[in-house]
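Chains as they are written, first to last, in the numbering used here: chain S, 1 to 21; chain F, 1 to 153.
Note that these hints are calculated values from the structure, not bench results. Virtual Cβ for every residue (Gly too), placed ideally from N, Cα, C. Heads up, some of the hints might be wrong.
[Said to hold, decoys possible] Some chain F residues flagged as far from chain S (calculated, every beta-carbon gap over 10 Å):
{"#": "1", "residue": "Q27"}
{"#": "2", "residue": "L29"}
{"#": "3", "residue": "P33"}
{"#": "4", "residue": "D53"}
{"#": "5", "residue": "S57"}
{"#": "6", "residue": "A61"}
{"#": "7", "residue": "T72"}
{"#": "8", "residue": "S98"}
{"#": "9", "residue": "I99"}
{"#": "10", "residue": "K128"}
{"#": "11", "residue": "K133"}
[Unchecked claim] Subject to a maximum C-alpha distance of 20 Å in a straight line, what follows is the list of computed SDA-like cross-link-like pairs (lysine to any residue):
{"#": "12", "chain 1": "F", "residue 1": "K88", "chain 2": "S", "residue 2": "M21"}
{"#": "13", "chain 1": "F", "residue 1": "K48", "chain 2": "S", "residue 2": "L5"}
{"#": "14", "chain 1": "F", "residue 1": "K97", "chain 2": "F", "residue 2": "D124"}
{"#": "15", "chain 1": "F", "residue 1": "K48", "chain 2": "F", "residue 2": "S16"}
{"#": "16", "chain 1": "F", "residue 1": "K131", "chain 2": "S", "residue 2": "N10"}
{"#": "17", "chain 1": "F", "residue 1": "K48", "chain 2": "S", "residue 2": "F14"}
{"#": "18", "chain 1": "F", "residue 1": "K48", "chain 2": "S", "residue 2": "F9"}
{"#": "19", "chain 1": "F", "residue 1": "K30", "chain 2": "S", "residue 2": "M21"}
{"#": "20", "chain 1": "F", "residue 1": "K48", "chain 2": "S", "residue 2": "S11"}
{"#": "21", "chain 1": "F", "residue 1": "K128", "chain 2": "S", "residue 2": "L5"}
{"#": "22", "chain 1": "F", "residue 1": "K128", "chain 2": "S", "residue 2": "D6"}
{"#": "23", "chain 1": "F", "residue 1": "K30", "chain 2": "S", "residue 2": "P15"}
{"#": "24", "chain 1": "F", "residue 1": "K133", "chain 2": "S", "residue 2": "F9"}
{"#": "25", "chain 1": "F", "residue 1": "K23", "chain 2": "F", "residue 2": "P66"}
{"#": "26", "chain 1": "F", "residue 1": "K23", "chain 2": "S", "residue 2": "I12"}
{"#": "27", "chain 1": "F", "residue 1": "K133", "chain 2": "S", "residue 2": "I12"}
{"#": "28", "chain 1": "F", "residue 1": "K23", "chain 2": "S", "residue 2": "S16"}
{"#": "29", "chain 1": "F", "residue 1": "K131", "chain 2": "S", "residue 2": "L5"}
{"#": "30", "chain 1": "F", "residue 1": "K30", "chain 2": "S", "residue 2": "L17"}
{"#": "31", "chain 1": "F", "residue 1": "K128", "chain 2": "F", "residue 2": "L145"}
{"#": "32", "chain 1": "F", "residue 1": "K48", "chain 2": "S", "residue 2": "E13"}
{"#": "33", "chain 1": "F", "residue 1": "K88", "chain 2": "S", "residue 2": "V4"}
{"#": "34", "chain 1": "F", "residue 1": "K97", "chain 2": "S", "residue 2": "F9"}
{"#": "35", "chain 1": "F", "residue 1": "K23", "chain 2": "S", "residue 2": "R20"}
[Stated by the list, open to error] Between beta-carbon pairs, the in silico distance windows are:
{"#": "36", "chain 1": "S", "residue 1": "M21", "chain 2": "F", "residue 2": "Q127", "range": "40 to 46 Å"}
{"#": "37", "chain 1": "F", "residue 1": "D4", "chain 2": "S", "residue 2": "L5", "range": "36 to 42 Å"}
{"#": "38", "chain 1": "S", "residue 1": "E18", "chain 2": "F", "residue 2": "T102", "range": "20 to 26 Å"}
{"#": "39", "chain 1": "F", "residue 1": "L116", "chain 2": "S", "residue 2": "P15", "range": "29 to 35 Å"}
{"#": "40", "chain 1": "S", "residue 1": "N10", "chain 2": "F", "residue 2": "V142", "range": "17 to 23 Å"}
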Amino acid sequence: NPIVLDLAFNSIEFPSLENRM
Amino acid sequence: TLEDLFTSLNRHIQRSEYQQAVKLADQVLKLAPRDEDALRCKIVGLIKADNLDEALSAIRALEKIPRDQSFTVDFSFDKAYCLYRQNKLDEALESLKSIEKTSAVMQLESQILYRLGRMEACMDVYQKLQKFKIESLEINVVAGLISAGRALE
Ligand SMILES: [K+]
Numbered sequence: 001n002p003i004v005l006d007l008a009f010n011s012i013e014f015p016s017l018e019n020r021m
Numbered sequence: 001t002l003e004d005l006f007t008s009l010n011r012h013i014q015r016s017e018y019q020q021a022v023k024l025a026d027q028v029l030k031l032a033p034r035d036e037d038a039l040r041c042k043i044v045g046l047i048k049a050d051n052l053d054e055a056l057s058a059i060r061a062l063e064k065i066p067r068d069q070s071f072t073v074d075f076s077f078d079k080a081y082c083l084y085r086q087n088k089l090d091e092a093l094e095s096l097k098s099i100e101k102t103s104a105v106m107q108l109e110s111q112i113l114y115r116l117g118r119m120e121a122c123m124d125v126y127q128k129l130q131k132f133k134i135e136s137l138e139i140n141v142v143a144g145l146i147s148a149g150r151a152l153e
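Full structure from sequences and hints, please.
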């Protein structure tokens, strides 16, 4: 089968910690 | 202090040191068990470290905590992603059912449908995704079209 990129992986992101530091 | 822990945590994230990031998130959670940033860092860190079993266990533990106004965190998407990676595809789709259809959700949905061989449903989702102009999406659309074509033969 043709390759399918796991684009969903990129949308799993760490939250911004800017105002927690 | 929490600020110090988050500063270290952030540094590990910047350096892609995901296991260290998870450790720091756990340290924050010892002090503040419902801290949503720390919870998210822990789950995302486990996923980025390719530790999907542990990510899923952590999400399932969180699901047992009663939701209230101060605790609204939702990991349905992350759960669906872990299940997708473990090839538990029906369960993965189920986890996406209750959440808003953002482009990320539809992207994952299309990948699950592709693996299930449900090409028509997969292409329907791609059609809805066109308006979001996602980088590299064409590659998956082409893969879907080729597979759909084969399915018709
Ligand atoms: K895939």
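Hint check:
Interface exclusion of F/Q27 from chain S stands, the closest Cβ pair being 13 Å apart, more than 10 Å. Residue placement check: F/L29 keeps its beta carbon more than 10 Å from all beta carbons of chain S (closest about 13 Å). The claim that F/P33 lies off the interface holds: its Cβ sits roughly 16 Å from the closest Cβ of chain S, which is beyond the 10 Å cut-off. Annotated as non-interface, F/D53 keeps its C-beta farther than 10 Å from every C-beta of chain S; the closest such distance is 16 Å.
Its beta-carbon lying about 17 Å from the closest one in chain S, F/S57 satisfies the requirement of being farther than 10 Å from that chain. Distance check for F/A61 against chain S: the nearest CB is about 19 Å away, which clears 10 Å, and the non-interface claim stands. At the 10 Å boundary, the C-beta of F/T72 stays outside the reach of chain S, the nearest C-beta of that chain being 14 Å off. The beta carbon of F/S98 is kept farther than 10 Å from every beta carbon of chain S, the shortest such distance being approximately 17 Å.
Distance to chain S confirms F/I99 as a non-interface residue, since its nearest Cβ pair spans about 13 Å, more than 10 Å. Every CB of chain S lies more than 10 Å from the CB of F/K128, the least distance being 15 Å, so the non-interface label holds. With 10 Å as the threshold on Cβ separation, the claim that F/K133 sits away from chain S holds: the shortest Cβ distance comes to roughly 13 Å. About 38 Å separates the Cα atoms of F/K88 and S/M21, which puts this hinted pair outside 20 Å; it is violated.
This hinted pair checks out: F/K48 and S/L5 have alpha carbons roughly 16 Å apart, not beyond 20 Å. This hinted pair checks out: F/K97 and F/D124 have alpha carbons roughly 16 Å apart, not beyond 20 Å. Proposed proximity of F/K48 and F/S16 is supported: the alpha carbons are some 9 Å apart, at most 20 Å. Restraint check: the Cα-Cα separation between F/K131 and S/N10 comes to about 18 Å, which is no more than 20 Å; the hinted pair holds.
The hinted pair formed by F/K48 and S/F14 meets the criterion: a straight-line CA distance of about 10 Å does not exceed 20 Å. As the CA atoms of F/K48 and S/F9 are separated by approximately 8 Å, the hinted pair is consistent with the 20 Å bound. Using a Cα cut-off of 20 Å, the hinted pair F/K30 and S/M21 holds, with the two alpha carbons roughly 17 Å apart. Only pairs whose Cα atoms come within 20 Å are accepted, and F/K48 paired with S/S11 is accepted, the gap being roughly 11 Å.
Distance hint between F/K128 and S/L5 is fulfilled; the C-alpha atoms sit about 18 Å from each other, no more than 20 Å. Under the criterion of a C-alpha separation no larger than 20 Å, the hint pairing F/K128 with S/D6 is consistent with the structure, at around 18 Å. With a C-alpha separation of about 19 Å, the suggested pair F/K30 and S/P15 falls inside the 20 Å cut-off, and the hint holds. Note on F/K133 and S/F9: the hinted pairing holds, with a Cα-Cα distance of about 17 Å set against a maximum of 20 Å.
Between the alpha carbons of F/K23 and F/P66 the distance comes to roughly 25 Å, so the proposed pair goes past 20 Å and is violated. Proposed proximity of F/K23 and S/I12 is supported: the alpha carbons are some 19 Å apart, at most 20 Å. The hinted pair formed by F/K133 and S/I12 meets the criterion: a straight-line CA distance of about 18 Å does not exceed 20 Å. Among the hinted pairs, F/K23 with S/S16 is consistent with the structure: their alpha-carbon atoms are about 18 Å apart, no more than 20 Å.
About 19 Å separates the Cα atoms of F/K131 and S/L5, which keeps this hinted pair within 20 Å; it holds. For the hint pairing F/K30 with S/L17, the CA-to-CA distance comes to about 18 Å; that is within 20 Å, so the pair holds. Our distance criterion of 20 Å between C-alpha atoms is met by F/K128 and F/L145, whose separation comes to about 15 Å. For the suggested pair F/K48 and S/E13, the alpha carbons sit about 9 Å apart, so the restraint of at most 20 Å is met.
For the given pair, F/K88 sits about 17 Å from S/V4 by alpha-carbon distance, which is consistent with the 20 Å threshold. In summary, the hint linking F/K97 to S/F9 is supported, as the alpha carbons are separated by about 19 Å, within the 20 Å threshold. With a C-alpha separation of about 17 Å, the suggested pairing of F/K23 with S/R20 holds against the 20 Å cut-off. Distance hint for S/M21 and F/Q127: a CB-CB separation of about 42 Å, consistent with the stated range 40 to 46 Å.
Look at F/D4 against S/L5: about 38 Å separates their beta carbons, and that is inside 36 to 42 Å. Evaluation of the 20 to 26 Å hint for S/E18 and F/T102 yields a pass: the beta carbon distance comes to about 22 Å. Between F/L116 and S/P15, the C-beta spacing of about 31 Å keeps the proposed range 29 to 35 Å intact. The supplied range of 17 to 23 Å is met by S/N10 and F/V142, whose beta-carbon atoms lie about 19 Å from each other.
When held up to the earlier numbered hints, the structure conflicts with 12 and 25 and fits the remainder.
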